[in-house]
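From first to last, the protein sequence lines stand for chains R and F. Sequential numbering from 1 applies to the first sequence in the numbering used here. Sequential numbering from 1 applies to the second sequence in the numbering used here.
For the record, the hints were derived by calculation from the structure and aren't laboratory data. Computed from a predicted structure; not experimentally measured. Be careful, since some hints might not be right.
With a Cα cut of at most 20 Å, we get these calculated DMTMM-like pairs of lysine to aspartate or glutamate [said to hold, decoys possible]:
no., chain 1, residue 1, chain 2, residue 2
1, R, LYS98, F, GLU68
2, R, LYS94, F, GLU104
3, R, LYS71, R, ASP49
4, R, LYS98, F, GLU18
Partial list, derived from the structure: chain F residues whose beta carbon lies under 10 Å from chain R [as the list claims (entries may be wrong)]:
no., residue
5, PRO2
6, VAL4
7, SER9
8, TYR33
9, GLU53
10, GLU56
11, SER58
12, GLN109
Positions of the beta carbon are idealized from the N, C-alpha and C atoms, including for glycine.
Here's the letter readout for the chains.
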Amino acid sequence: GESVGLHLPTLSVQEGDNSIINCAYSNSASDYFIWYKQESGKGPQFIIDIRSNMDKRQGQRVTVLLNKTVKHLSLQIAATQPGDSAVYFCAENKVADKLIFGTGTRLQVFP
Amino acid sequence: EPEVTQTPSHQVTQMGQEVILRCVPISNHLYFYWYRQILGQKVEFLVSFYNNEISEKSEIFDDQFSVERPDGSNFTLKIRSTKLEDSAMYFCASSERQGWGNTEAFFGQGTRLTVV
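Starting from the given sequences, assemble the full structure and let the hints guide the process.
Structural data, given as structure tokens:
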């Protein structure tokens with residue numbers, strides 16, 4: 001079956017360190033992936049996206065890597081800050097309109 | 001910055017009652033969506049809406065659910081006879097163009113529905 005899942009439910013990092021959040025997907029037909037950040041009591045907030053014809057995309061302090069060979073997606077956050085503490089979801093799109101979300105990874109940043 | 005607004009932020013209702021969740025999408029957006037998130041679980045797609053009709057819906061979106069754009073600004077989700085398992089956070093989203101790869105979609109803050 002198709003699924004989008006996350007390897008780790010919780011990731012704890014020290015402030016200033018880099019964070020890497022991983023996501024596995026099983027449907028090779030997916031052609032678009034998004035990372036969302038969700039803070040407590042708020043809706044998902046777009047962070048960065050990547051199309052399947054790309055391997056890497058960089059934003060401000062964030063980088064998304066896509067490895068289609070092993071169906072793996074990662075989000076790298078440089079110099080993690082306390083404000084980065086949230087739940088991070090990967091989501092895939094293979095049909096227009098519908099996003100399939102993963103289960104989420106909670107990122108905890110400690111001083 | 002434009003935003004999607006949802007009301008109410010929290011709704012408590014008795015099982016069997018009807019509820020209407022309201023959303024005001026971003027003004028120039030044409031595509032509208034409802035998602036839900038049961039506490040501690042992942043965000044799940046419910047329905048997408050364009051040009052005054054449903055373009056896609058999930059298995060969750062059964063006959064108890066309906067959506068409507070009653071005027072030029074509001075987008076509503078109605079649950080006709082609520083069940084305990086409908087308790088969740090419901091998110092509205094909107095986008096300017098179709099296809100998640102073509103445009104960023106914006107999510108509202110959500111309405112927490114509690115069915116007792």
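Hint check against the structure, violated hint numbers in rising order: 4, 5 and 9
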